[in-house]
Every structure is written in C-alpha cells, then in structure tokens.
Amino acid sequence: MNPQLVEITHGRTNPGIDPVLHAWGWEVPVYLFLGGLVAGVMVLLAALELKRRAKATTPAGQAMPFVAIGLISLGMGALFLDLAHKVHVYRFYLSFEATSPMSWGAWILMIVYPVLLLQGLGGLSDGARGWLRAKVGGLGTLLDRVQAFADAKRRPILWTSMAVGAGLGVYTGLLLGTLSARLLWNSAVMGPLFLASGVSTGAALLLCVKLDHEAHHTLVRWDTLAIGVELALLAVLLLGLVTGGSAQQVAADTLLGGRYTPYFWSLVVVGGLAVPLVLNVVEMRRGLRPTLLTPALVLIGGFALRTLVVAAGQYTSFGLMP
Amino acid sequence: MSKTSRRYAMVMDTKKCVGCNACVLACKAENNVPEGFCRDWIVEEVRGTFPKLQAEIRSERCNHCGDPPCVDACPTGASHIAEGGVVLVTHDKCTGCKACIASCPYDARFVHPEGYVDKCTFCLHRVQKGQLPACVTVCPTRSLHFGDLNDPDSDVSRLLATRKWKVQHPEAGTDPHVFFLV
Amino acid sequence: MNGLFPLYQKGAFEYPVAMALATLLGLGFGFALERGGFGSARRLAAQFYGTDMRVLKVMFSAIVTATVGLGIFGGLGVVDLGALQIPGTWWWPQIVGGFVLGAGFIVSGYCPGTAVVATASGNLDGIVSLVGVMFGALLFGALWPVLEGFYQSGEAGVVTLNGMLGVPWAVVAAGVVAMAVGAFLFGEWVERLLAKKGGTEAPDVDPRTRNRVFAGFGVAAALGLAALAVTPAAIAPPAPSPVAQWDAETLADALVRDPGSVYLVDLRDAAACGKDRIAGALCLPEGEEPGAFFATLPPTRTLVVYGASDLADAPADARRFTGKVAVLTGGHAAFHSDILTPPPAPTEATPRTLADFERKQALYAWFTGAEAAPPPVMPTRKAVTRKTKKGGGC
Amino acid sequence: MNPQERPLWNPYVAGAFLGLVLLATYLLMGFGLGSSAAVTRVAVAGAHAVAPAAIENNGYLGAYVSSGAPILEDWMVFEVIGVFLGGLLGAYTGGRLKKGVDRGPRIGVGGRLGLALAGGVLMGFAARLARGCTSGQALTGGAALAVGSWVFMFAVFAGGYALAPLVRRQWR
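For the record, the sequence lines run as chains A, B, C and D. Counting in the working numbering, the first sequence runs from 272 upward without gaps. Counting in the working numbering, the second sequence runs from 3 upward without gaps. Counting in the working numbering, the third sequence runs from 2 upward without gaps. Counting in the working numbering, the fourth sequence runs from 59 upward without gaps.
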C-alpha cells in the first residue's frame with residue numbers, strides 16, 4: 272500500500288555542499304554565458320567574412336572582435352572571482368591535464384586572445400588603421416608587422432578563429448557535461464547545446480550593433496537556425512533524462528516539474544527560444560523592420576539557460592537520489 | 003612488500019556502528035578540521051514500508067576511488083593519487099576552482115577556509131608511521147577497519163572475504179575503496 | 002459533479018508546472034489583448050468618449066465566451082464548478098476601488114494588464130503607467146492602518162449570480178449572452194451616432210464576422226442549456242464546497258502520515274471535547290462564533306469535523322471554511338471503536354487480511370501508545386529522500 | 059499609418075479568442091487571469107530589497123514576504139511575463155511595434171507621461187483596494203459570475219465616464 276520510504280539523516284553540514292551542493296554561484300554562469308557569447312561571435316564573424324569574401328564595412332562590425340576580447344576578459348574576471356584561492360590562479364598555466372576540461376578551457380582561452388586580436392586587426396579599415404597607428408606611438412613598427420601578418424594570412428586566421436570559437440563554445444558545455452556526479456549535466460549533448468546557444472547569443476549580440484543590411488539578413492537566418500538546433504538539442508537532453516532510470520528522472524524533474532521549472536519554461540524555452548524564433552521568421556518572411564527586443568530576448572534566454580543548468584545541475588547530486 | 007603495491011582501504015561495519023560520532027570528533031582533532039566542517043560524517047538511513055522499517059547507520063568519508071573523477075577534473079594536478087591509492091590534494095597547487103567538488107558523487111570534498119579544497123586523507127601521515135587512521139583508533143564498537151587490500155592476511159581483506167558488503171553508488175563507476183559490511 | 006477539470010485543483014500537476022503553464026496562458030492573453038487593440042492608450046480611451054467601443058466589445062465577448070464555456074463543461078460534468086476559485090465579494094471596497102480604477106484608467110489610458118501590452122508594443126507611456134501602478138500598490142500598503150477597516154467592510158463571502166438567483170450556471174450564462182449582445186448593439190449605435198455628429202466615420206466592423214460571432218454565442222448558450230437537459234444532476238446550483246466523508250481509518254492514516262494536512266475540529270460541547278477528543282483535534286473556541294472561527298483558518302489544509310456520532314453533513318458554519326471540508330463518518334464513536342480498540346485477529350490468514358490486520362494494529366498502537374508501537378511517524382510520500390541537519394557531528 | 063501595419067482583429071473575434079484563453083485558464087488552473095498582483099509583487103520585491111523591515115512590518119504588504127518564498131515566484135508573475143511576450147509577438151507581427159508615446163494631438167510628451175504616472179498610481183491603489191484590476195476582477199471574476207466582480211466592472215465604467223470630460227484634452 273505505502274510506497275517505499277527512505278529517510279536519510281545526515282550528520283554532514285559542510286558549507287557549500289549541504290544540504291545541496293551550491294559550490295558554484297553566479298560567477299560560473301556569467302563566465303559560461305560570456306564564453307559562449309564570444310565563441311558565437313568568433314564563429315559568426317569569421318563565417319560571415321568567409322561567406323561574403325568581404326570584410327565588415329561598418330565601424331561597429333570592425334570593432335566586434337575587440338569587444339569580444341573585452342567580454343571574454345569580463346568572463347575570466349568572473350571565473351577569477353569564483354576561485355577560492357585567487358593567488359594560485361597561475362597554477363592553471365603550470366600544467367596541462369588532459370582529462371580536465373577546465374585545463375583545456377584555460378589553455379583555449381589563451382589562444383582566444385591572439386586569434387581575436389589578429390582577426391580584429393586584419394579586419395580594420397584604412398581609416399581605423401591610421402587612427403590606431405597614431406595612438407600606439409612607439410609600438411608602431413610592431414603593429415605594422417602584426418598587421419601585415421594578419422592581412423597576409425587572413426583566411427587561415429578566419430578558419431582558426433572559427434575552430435577556436437567552436438572549441439570554446441563546446442568546452443563551456445563539456446565543462447559541465449563531463450561531471451558525471453551531477454545527473455543533469457552528465458550528457459554528451461551539453462557541449463553542442465552550449466555551442467548552439469553560444470552561436471545564437473553571439474548572433475543576437477551582433478544583431479544589436481549596426482551592421483550592413485546584408486550581414487544583418489544573414490545573421491538573422493543563422494540565428495534562427497541556431498535557435499532551432501538549440502531547441503532540438505534541449506529536447507534530446509530532456510528526453511534522454513526522462514526515458515532514463517529513476518535517478519535521471521529526478522534530474523529531469525528539476526527542469527520539468529520542480530524548483531526551476533517556471534524559470535526554465537518562461538525565460539528559456541518560451542521567452543528565450545520560441546518567441547525569438549517566431550519573431551525572426553516573421554522578420555525574414557515579411558521583411559519587417561528589425562527590433563532590438565528579439566536579440567534582447569535571446570540574450571536573456573541564453574543567460575537564463577546557463578544559470579538554470581548550473582543551479583539545477585548542482586541540485587542533482589548522486590547523494591540525493593533514492 | 004614495496005610501497006607501490008599497497009592498496010589502502012577502509013571497511014565499515016554497519017552492523018556494529020551506533021552513530022556515536024567519535025570518528026568525526028577524532029578526525030577533527032587529529033587533522034585540525036576547521037569549525038563547521040568535517041572530513042567524515044554519520045549517516046542514518048531508514049528504509050522500508052511502514053510499519054516494517056530497517057535502519058542503517060554508516061560512518062562515511064572520501065572513498066579514495068580507484069578511478070577518481072576528482073583527479074580527472076582537476077585542472078592543475080593538485081588532486082592526485084598518492085601512495086597506496088589514497089587520493090590527496092596538494093594545497094599549494096589548488097586554485098579553489100571547485101571542479102573536483104562538483105565531480106565527486108559522494109560530496110566528500112569542501113573548500114577549506116584557507117582557500118584550498120580539503121578532504122579525508124585516510125590519515126596518511128599516521129599510516130606512514132605505522133599507525134591507524136584516527137577515526138579507526140577511537141571507534142568504541144570497532145566498526146571501522148583499515149588496511150592493505152593487496153595483503154590477503156590484512157584485516158580488511160579477511161573481512162571482505164568472509165562478510166557480505168557493499169559500496170556507495172557503485173553506478174557512478176568510480177571503484178570506491180570504502181566498503182560497508184551489511 | 003466531480004469532473005476531471007480544473008486539472009490543477011484536481012492535483013494533476015504541481016505548482017512549478019502551473020507557473021510554467023502560466024507563461025503560455027499569459028502569452029495567449031497578451032496576444033489577444035494586442036490583437037484587440039489594447040496596446041494603444043488612445044484606442045482604449047476612445048471607449049470613454051463613445052467613439053470606439055472596443056473595450057466593451059472585447060471584454061464582454063471574452064466574458065461571454067468563458068462563462069458560456071464554463072456553463073457547457075460544467076453542465077456536462079467535465080469541469081467541477083465547485084472547485085473553481087471564485088473571487089469573493091466585499092461591496093464597498095469593490096465599488097469604490099472600481100470607481101477609482103476607472104478614473105485611473107482614463108487618466109493613464111491603460112489598465113495594469115494593457116499597460117504591459119503597451120510596453121511590449123514600444124509605448125513609453127505604458128511602462129510609466131506600470132511604474133505608477135507599483136507606487137500605487139506601495140501607497141496602499143503605507144496607508145493600510147487607516148484603510149484596513151474599509152478594506153474588510155461589506156464582506157459577503159463568495160456570492161455568484163447563479164447562486165444568488167438559484168438557477169444553474171448555464172441559465173445565467175444565456176442571460177449574459179443576451180445582455181452582452183444588447184450592449185454590443187447599443188454600443189455600435191452610439192458609435193454611429195457620435196460619428197455622424199462629429200462628421201467622422203464610425204469604426205469599421207465587418208457585419209458578417211460580427212453576425213457570425215453573435216450566432217456562435219447564441220449556439221453556445223443553447224448548447225449550455227442543452228447540456229443541462231442531458232445531465233439532470235447538474236440542474237442544482239453547485240454546492241459552495243463539496244463535503245467529503247472520511248472514515249475513521251482514512252482520518253487516522255492522515256494524522257499519522259501528515260498531521261499538517263488537516264485541521265481536526267471537535268464539534269461536541271466544550272466539556273465532552275475537553276474530556277476525550279481525538280488526538281490532535283481542536284475544540285471549538287468558547288465564546289466565539291463558530292463560523293468566524295472557521296473563516297480564520299487558512300484554506301491550505303482539509304477541515305475535518307466530527308460530532309459524537311454520525312454527522313450527515315458539515316454544519317453551515319463549517320462551510321465558511323474556504324478549503325476542502327470533510328466529515329468523519331460515525332464521529333467520535335466510530336474513531337473509538339475502529340482505531341482506539343485493538344483490532345480483532347483475522348479469522349483466515351490470507352496475505353490480504355494479514356496486511357490489513359498489520360496496518361490496523363499499527364494504527365492502534367500509534368494512537369494508544371500500546372506496546373509493539375511502530376517506529377516514529379514519518380512522511381511517506383513517494384520516495385521521500387531528505388537530508389536534515391543534525392546537531393553534533395560536525 | 060506604418061505601411062507594414064496590419065489591421066486589428068474584429069473586436070468580437072479578439073474577445074472570443076481572449077475568452078477561450080480565459081476558459082483554458084479556468085479549465086487548467088481553476089482560477090483566472092490577472093495582472094495587477096504581479097506588478098504589485100515586483101513593487102514589493104523592489105521595496106523589500108531597499109527597506110526589508112518596512113515591508114515585513116507592514117500589515118498588508120508583509121503578507122507577500124512572510125512565507126519566506128521568493129516574492130516573485132508566483133503564478134501571476136510568470137503569467138505577466140507571458141503577457142509581455144504575447145504582446146510583443148502581437149505587436150511585431152502586426153507591424154505595430156514602435157518606440158514612442160501614445161498621446162492625443164493637444165498634449166506634450168511630458169504632460170502625457172505625467173498623467174500616465176498619476177493614473178497608474180490611482181490604479182495601483184484601487185486594484186489593491188478592490189482585490190484585483192480589470193483583468194483579475196472584472197474579466198476573470200465576471201466570467202465566473204461573481205457578483206462583486208460585476209459590481210466592480212460597472213464601477214470601473216462609471217469612474218471612467220465620470221472623469222473622461224476632465225481629461226478630454228489629453229486624448230482628443
């Protein structure tokens with residue numbers, strides 16, 4: 272008659288661990304969001320230029336690689352704030368641990384900076400180059416050399432940027448996906464999901480700035496595609512959990528019938544994905560004037576996804592399972 | 003027998019444990035565990051269908067896994083497998099990124115107020131001197147046993163050969179080395 | 002009248018899922034308001050100058066549709082109309098509040114809901130109006146000490162048109178349809194009149210669509226009345242709150258598993274209650290009117306009442322409790338004989354009778370403290386896993 | 059008129075659609091739609107962040123925070139998020155989404171915004187007093203045949219018509 276009863280009385284009260292794991296607060300979602308965003312910007316800017324065989328024409332478009340450098344620095348700043356022993360941050364760069372996604376990430380981030388810098392310098396217009404040359408003063412010859420290199424190797428640099436961006440995007444998901452102790456995270460879908468989300472938020476960021484008409488049009492198409500892929504991957508992730516064992520279902524319940532359900536559906540699925548998808552499609556079909564609200568929703572949705580997945584995942588400890 | 007061929011393990015007899023918390027206090031005293039934190043702890047579990055209920059009391063700690071996810075997750079090599087399979091954290095290498103905490107299915111790790119991640123060490127400093135871990139020495143019901151699994155005559159090997167036992171969360175695939183006699 | 006709907010009240014899903022559904026329902030709400038033209042203050046304000054009666058048309062069409070729909074489904078027994086949460090009536094605050102809100106409506110050009118839609122349409126005045134609403138709500142809180150008396154004045158409980166008239170929902174719904182269509186035709190007449198006077202054109206309403214919608218309302222109203230005819234049981238106006246009958250074992254089970262799920266109230270006189278009541282029961286407070294006492298209990302638990310023996314139905318006082326109400330079948334006597342006396346040993350030893358006996362024995366032991374008492378009470382929801390902090394340890 | 063703008067729906071059709079949404083809400087939830095409660099919650103959450111003690115000790119607003127649950131974790135708040143998204147969807151697809159201030163020809167932007175704020179204050183106050191606004195009381199309670207809601211609805215129209223001549227300059 273009565274279902275099986277399980278009552279566990281725990282003597283452990285370690286802060287940050289009990290009653291549920293809350294080791295990672297707002298800093299890690301901020302970092303994952305900004306990392307994904309920058310990954311999306313790298314992939315999209317490179318893809319756009321490779322597709323059109325022409326550099327960005329607007330000043331805002333040319334500035335975006337440098338903006339991305341700022342954003343990834345902000346993200347790393349958030350990650351730095353999360354460290355319990357900040358002085359030891361240099362330890363990340365004294366070793367490389369092949370099994371640790373975080374180690375991979377630390378090194379990928381080191382590649383992101385020069386790649387973005389080369390991508391940005393090579394994409395500048397003559398006017399902007401002149402302005403920059405006047406600013407750097409004594410470093411002028413160095414700048415000239417770097418710029419000559421960036422121009423000569425433009426296409427390889429763009430392909431590298433795309434690859435590094437994709438790696439960065441996948442890594443933000445894999446960081447969580449490889450942690451098998453948290454059932455919600457432990458999925459191979461996590462990497463592609465966060466990459467897709469990164470591309471859509473990256474597109475949203477680019478849609479917020481002034482680009483030429485054709486670039487805007489292409490980006491709306493790619494954004495729509497990324498949102499579609501993201502929705503599909505989310506469905507795969509949740510279906511995998513729902514059809515899994517009882518522990519997996521408990522994990523799925525955090526998003527489908529628990530603490531985080533209303534936020535997940537309203538901010539991520541409906542507000543962050545479905546509504547922007549419809550707005551994008553309507554914009555493309557009917558040639559409506561674009562609105563900033565669509566990218567704003569995508570950005571809010573992308574950040575909400577990171578925050579919810581990080582929070583809900585920590586809630587799905589092995590220890591909590593029946 | 004050379005050092006490297008040892009495999010330390012702990013065997014915990016749930017039939018004997020009364021949940022007195024002596025192991026917890028001994029550990030705190032021995033290892034200077036800061037106020038409000040613990041490296042080992044007592045779990046009381048009641049299962050069944052009312053009115054048929056079964057209770058079990060366990061003294062739990064880091065499982066010193068054979069395949070420790072925390073060591074895999076550590077980006078700096080601070081978490082490592084030391085002598086006898088004991089999983090340790092090198093304080094000077096630890097950045098406090100908490101990846102190992104998130105990776106542990108047993109939630110055995112915590113952030114020490116001094117900024118590094120801390121956990122049970124099987125009292126390796128005592129073991130190297132030929133002593134037993136602090137928790138084992140104080141257990142009034144002798145429900146804790148420590149020894150080398152590679153030695154067939156050790157306490158732990160004989161208990162595991164003769165008694166029924168289980169490990170926590172075998173589905174996590176971590177090859178835990180704290181065994182519970184049932 | 003125990004339909005499957007409303008799903009949430011019938012326990013089909015939990016609150017977090019309800020909140021997720023809220024977004025989808027709100028999406029429909031906002032879309033409908035926008036398409037109705039409610040994103041523009043000027044269009045809304047036109048209602049009060051008689052030139053465009055959109056507010057009246059959209060709002061009454063919506064009320065008619067929902068009311069008639071509820072009438073049809075209620076009549077068919079699909080939805081339990083008694084389980085709907087119907088707003089109560091407080092005459093004076095609602096009249097004065099309505100008047101002030103109407104004044105605020107014409108001054109700001111929006112009501113709170115349409116201000117949200119206006120904000121989504123890009124109207125700056127919409128969000129300014131919302132900020133005003135926020136200040137207004139805080140102002141109300143600040144003035145609460147002087148307003149509290151008025152806020153509670155004129156309380157009449159849950160009064161519905163159908164309950165007041167003593168007729169089924171669908172009949173009132175049909176009446177509302179007739180009234181609404183009358184109001185629509187009057188509104189269009191006013192629009193035409195003012196347009197003629199002002200030398201402008203009346204708002205364009207496609208007469209064919211309008212007539213089709215009107216016909217739809219008529220057909221739906223007729224369907225609601227027809228539903229009454231096929232389900233005669235539905236003729237009676239819905240009871241304000243259905244009263245369940247609990248037997249002693251159900252009550253005992255509830256008390257053991259989750260004492261926080263019930264209010265158990267002993268309706269016998271104070272002396273009898275004080276001497277020997279069921280463990281956990283409350284006596285009626287002396288010198289207080291019972292109805293007022295029940296009204297103070299929050300409706301989060303089930304109210305279970307019992308007398309000395311059988312109560313056929315909960316007394317009218319207990320109906321003022323807004324949550325679920327149950328009556329203990331057989332009253333105090335039944336609890337005494339079923340739970341507080343040792344259960345007889347089963348005559349034949351099938352697994353079923355044994356399990357039954359074991360359960361009764363456990364309940365007996367639990368309530369009497371007899372020997373062989375089972376382990377302490379614990380909640381027994383599906384796979385409850387809890388970690389509780391405990392002193393000592395670390 | 060914006061060339062991309064599309065006509066509104068026939069008011070009766072829009073109303074019937076709104077009625078179906080309301081009916082669906084009743085069938086699913088057992089209660090109806092609303093909006094002012096959500097706006098109130100946002101206000102209380104904001105005020106609580108600034109002056110927690112003042113809100114907690116308030117006889118009326120204190121009820122919003124006494125449960126200890128997050129103030130904004132409420133059905134109505136998520137519904138209003140939906141209303142915003144639905145309004146955005148409707149306005150954009152209808153070609154009516156544009157930044158601006160909706161005002162009559164004889165009033166300036168400042169005056170209009172001032173009146174919007176003043177009217178909002180009146181509504182926020184009145185909605186608390188009447189236990190709901192046009193959505194939560196008039197529409198939802200009206201459809202549930204609650205007598206108080208019908209009384210409220212007629213009072214709203216009365217208030218609107220009574221004040222309309224005074225603010226005529228704003229609109230016409």
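Think of the hints as simulated: they come from the structure by calculation, not from any bench. As the structure is a computational prediction, the values presented were derived from the model and not from experiment. Take these hints with a grain of salt, some might be off.
[What the hints assert, rightly or not] Calculated cross-link-like contacts (lysine to aspartate or glutamate; reagent style EDC-like; alpha-carbon spacing at most 16 Å): (1) B:54 / C:357; (2) D:156 / A:554; (3) C:325 / C:289; (4) A:357 / B:116; (5) B:95 / B:116; (6) B:54 / C:339; (7) B:54 / A:485; (8) B:17 / B:58; (9) A:357 / B:94; (10) A:424 / A:554; (11) B:18 / B:46; (12) C:361 / C:277; (13) B:95 / A:368.
[To be verified] The calculated label-pair distances, taken between Cβ atoms and stated as ranges, are: (14) B:115 / C:370: 43 to 49 Å; (15) C:223 / A:567: 43 to 49 Å; (16) B:115 / A:502: 41 to 47 Å; (17) D:110 / A:528: 39 to 45 Å; (18) A:481 / D:127: 57 to 63 Å; (19) B:115 / A:378: 25 to 31 Å.
Virtual Cβ for every residue (Gly too), placed ideally from N, Cα, C.
Which of the listed hints are not met by the structure? The structure breaks hints 3, 6, 7, 10, 12, 17 and 18; every other hint is satisfied.
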